[in-house]
Amino acid sequence: MLYDVIIIGSGVTGAFIARELSRYQMHTCIVEKESDICMGTSKANSAIIHAGYDAVPGSLKARLNVTGNEMMEMACRELDVPFQRIGSLVLAFSESEREKLVDLYERGVRNGVKGMSIISDSEIKQMVPNVSSEAAYALYASSAGIVCPYELTIGAVENAVENGVELKLDSEVKQVRFEHSQFVVSTGKEDLRCRYLVNACGLYADTISSMVGDDSFVIKPRKGEYILLDKSQGCMVGKVIFQLPSHRGKGILVTPTVDGNLLIGPSAQEVDDREDKSTSASVMEQIIRGARKSVPNFNTRELVTSFSGLRAAASTGDFIIEPSRVNKKFIHVAGIESPGLTAAPAIGKYTVEILKEQGLTLVEKTDFNPLRKPVKRFRELGMEELNQLIRKDPRYGKIVCRCERVTEGEIVDCINRPAGARDVDGVKRRTRAGMGRCQGGFCTPRVVEILARELGIPMEDVTKSGRKSKILMSKTK
Amino acid sequence: MKEIDLVVIGGGPAGMAAAISAHKNGIRDILIIERDSSLGGILNQCIHNGFGLHIFGEELTGPEYAWRFAQQVEELGIECKLNTMVLDISGDKTITAVNSTEGVMRIQAKAVMLGMGCRERNRGALGIPGMRPAGIFTAGTAQRFVNIEGYLPGRKVVILGSGDIGLIMARRMTLEGAEVRMVCEIMPYSGGLTRNIVQCLEDFGIPLKLSHTIIGIHGKDRLEGVTVAAVDKNRVPLMETAEYVECDTLLLSVGLIPENELSKEAGILMDPVTLGPVVNESMETSLEGVFACGNAVHVHDLVDNVTKEAMLAGECAAKYILGSGRSEGCKALKTVAGNGIRYVVPQLVCKEALGKESKLFFRVDNVYKNIRIVAAVGDKILYETRKLKVSPGEMESIRLHASIAGSMGDEGEIIVSLEEC
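Same order as they appear, the protein sequences are chains X and V.
With our numbering applied, the first sequence covers 2 to 478.
With our numbering applied, the second sequence covers 19 to 439.
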């Protein structure tokens, strides 16, 4: 089989490129090294849809941020992903900081951002009472919002697969050759052939790039640690609260999540190890201190969990979305750090444009379906709907995760969908089972049982997140 | 909408005893709602013995103890809905619940008994830094895997927390062939019963490291090791004592939290120390006709006490339904945790409503030796006794005899405190 396009990487970037390509008649394949999709930065970030005033005008980040922001509502509706356009505030604590807000505002205007204004302390207090009274001014942006980033990625991949894209997991690319106008992509399991190759490898974009002899950029991972607080804290603020950005990033934010938790972070530390997603006590303290500057009174005793993600920052400072100088049919989609999540739908379209420029023929499918099969979630349905659903499938009446109200029906469904869950964390990301206050203490044994049953594997082979992350050692004596 | 006199939420030891007691006190229209596939609650996975020393004069295993009550429930013909999850309790005592056969249902209750038990504090809530590999379990979840599912969660184990569940699991894992390398306890004393320290750690040569905690978790896919460190008297880790301990499993026994999502959503007044509802001497919460008992109110050490508490609650719920409960004009005194005391339950006491078995339960906030326990209203001492040793891991009680009730006035607060001998 000669694929038209192989996309390496199933993060939000690869997902939207695949989905965009699936509108057209061609053979596309996503190749992913992990045991599940969305295992990189796409599952561990601030989950913010940025307005777009941060990025340097004229940069790809700026353009694609604003376009992506505009496309996000429809994308989330089509993919059945929660999205709330709640707006954001960048806080300034002095007159000199106010000047920096003005800079951001003007940048935003140049980038085409609408719905911004600079507001005073009394307006801040009215809008978000729990913001520190030390905040003197703020840049309000109405177009900012919050999303579920892993659900967005999973939804996009699922829709792409439903529309004919192939997905190969546990397939780390070891070597890329170019012979007879074809790429030969070797994963160690097999050799795949394609006419065009898309590098959406996140933290390893430079590694893959080197495989074709292109060393024009380096990825410098920058870790961000986060703290997630209980849903009782989620109503502390009704908007995304930023501080002024620095050269290291957008700074520590305090934001509600689409699920009602309060998210605080991230930090920004350069790291060498691309697999180092550890958290540390000192950084956690730093994040809490930093966040209290914006919102002094959140309760850290209501801690649900903490985690970290790695930004795939490119040495060039901007997104790198262009054909490789070494081989024009090898398209880089690299350095996708913030605002990568916001830009994703736009990156998808933009990348397909580049492929078209490089000779890829685009013939629209007549049967492309942009709508992902909606997910039935117990916690979202009313009594009547639930009873109809339970009559049809009694498993929707069996609550497995009581903290997040997730039923057996939803868990079975998420395993059996295209690009479905194959491990405990995969079920968690797709259904929220295990994300609540008890962090899987109650539901894990049941989830393991359901996975074993649905996948036809022994319980001892069920993993937390693929490969060697087995949960159980053996049967007891 | 179905109407039931008494809806009992939870079919564990608390719920079962409360239902049986209500029946004995004249209520016939009772429904127990239980989310698991059988009655028994957490006892079903507690296969070790030591239950029932006070109630039955025997040392039963958890399932045996539970079975004695489940049998009675069946003999008395008390209705149970198993595999059913309560979703909501409204302020007017409407229960919303769901199961696979009946779907989502609403039940109007005259009285409600909260017996939801408790859940475990987890790694996320503790914020233990490091990686997030497989192999980290709360002790109760590991216990479920071993005792109910029949699977071994790990082979080289470190346990954080010397509460009873941690101690029990240290022994359990050892009996299944695992190597338990150590139990770390952040406090300078153990949180569990003395008999468990002896029978689970000392008998098996498992080291107990007091004033130690875990400051790092290592391993990408599966746990590879933890970093253990000693702590100072403020429980701050002493970095120079940090030691890497190789292991593939970390069990956490770091605290139990009464399950009260339902109570909170119903607007019931909660106690910020116990994390359970504020209750009066009749085990009634701030919501009229809603009673609570067992671990949902405060975490117990002995199931025998849960049973006694539940029997009282069931009796009071029955009286309430029959219209012979405590009167409206009942003036309740607050109980206060004084010097050396962490909390007192019940938080409100009305002397007219006290029964023969009425007790004040409390926990101390530290280990004390040679102390006096005093319950007083102002200068008037209601009760005092001496004890050689008290510790936070062993709940204490004061029986509120008729004579004590007699000396209680209508004003003031009952302060329970520790004083030097």
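Keep in mind that the hints were calculated from the coordinates and are not lab data.
Each hint should be verified, as a subset may be incorrect.
What the hints assert, rightly or not - Straight-line Cα separation of at most 27 Å, BS3-like style, residue types lysine-lysine; simulated pairs:
id: 1; chain 1: X; residue 1: K232; chain 2: V; residue 2: K111
id: 2; chain 1: X; residue 1: K175; chain 2: V; residue 2: K238
id: 3; chain 1: V; residue 1: K174; chain 2: X; residue 2: K476
id: 4; chain 1: V; residue 1: K238; chain 2: V; residue 2: K326
id: 5; chain 1: X; residue 1: K469; chain 2: V; residue 2: K238
id: 6; chain 1: X; residue 1: K393; chain 2: V; residue 2: K20
id: 7; chain 1: X; residue 1: K377; chain 2: V; residue 2: K337
id: 8; chain 1: V; residue 1: K174; chain 2: X; residue 2: K478
id: 9; chain 1: X; residue 1: K221; chain 2: V; residue 2: K238
id: 10; chain 1: V; residue 1: K174; chain 2: X; residue 2: K469
id: 11; chain 1: X; residue 1: K190; chain 2: V; residue 2: K238
id: 12; chain 1: V; residue 1: K282; chain 2: X; residue 2: K232
Given the hinted pair K174/V and K476/X, is their alpha-carbon gap at most 27 Å?
-> holds (15 Å)
Given hint K469/X paired with K174/V - CA-CA distance at most 27 Å = Holds - the C-alpha atoms of K469/X and K174/V are around 16 Å apart, at most 27 Å.
CA of K393/X to CA of K20/V, is that 27 Å or under?
-> Judged against 27 Å, a Cα distance of about 23 Å means the pair holds.
For the pair we were handed, K190/X and K238/V, check the Cα-Cα distance against 27 Å.
-> It holds: about 23 Å lies between the C-alpha atoms, which stays within 27 Å.
Please work out if K221/X and K238/V have their alpha carbons no farther apart than 27 Å.
-> holds (21 Å)
Given the hint that K175/X pairs with K238/V, does the C-alpha gap stay at or below 27 Å?
-> Status holds; Cα separation ~21 Å.
Pair hint K377/X and K337/V, alpha-carbon separation not exceeding 27 Å = Violated. K377/X to K337/V sits at ~44 Å, over the 27 Å cutoff.
CA of K282/V to CA of K232/X, is that 27 Å or under?
-> holds (13 Å)
Would you check the hint for K174/V and K478/X, treating anything up to 27 Å between C-alpha atoms as holding?
-> holds (16 Å)
For the pair supplied as a hint, K232/X and K111/V, is the alpha-carbon distance within the 27 Å limit?
-> Holds - the C-alpha atoms of K111/V and K232/X are around 24 Å apart, at most 27 Å.
Within a Cα-Cα threshold of 27 Å, do K469/X and K238/V meet the stated pairing?
-> holds (9 Å)
Straight-line alpha-carbon gap K238/V to K326/V, limit 27 Å = Measuring from Cα to Cα gives roughly 47 Å; hence the hint is violated.
Going down the numbered hints, you'll see the structure goes against 4, 7, while the others check out.
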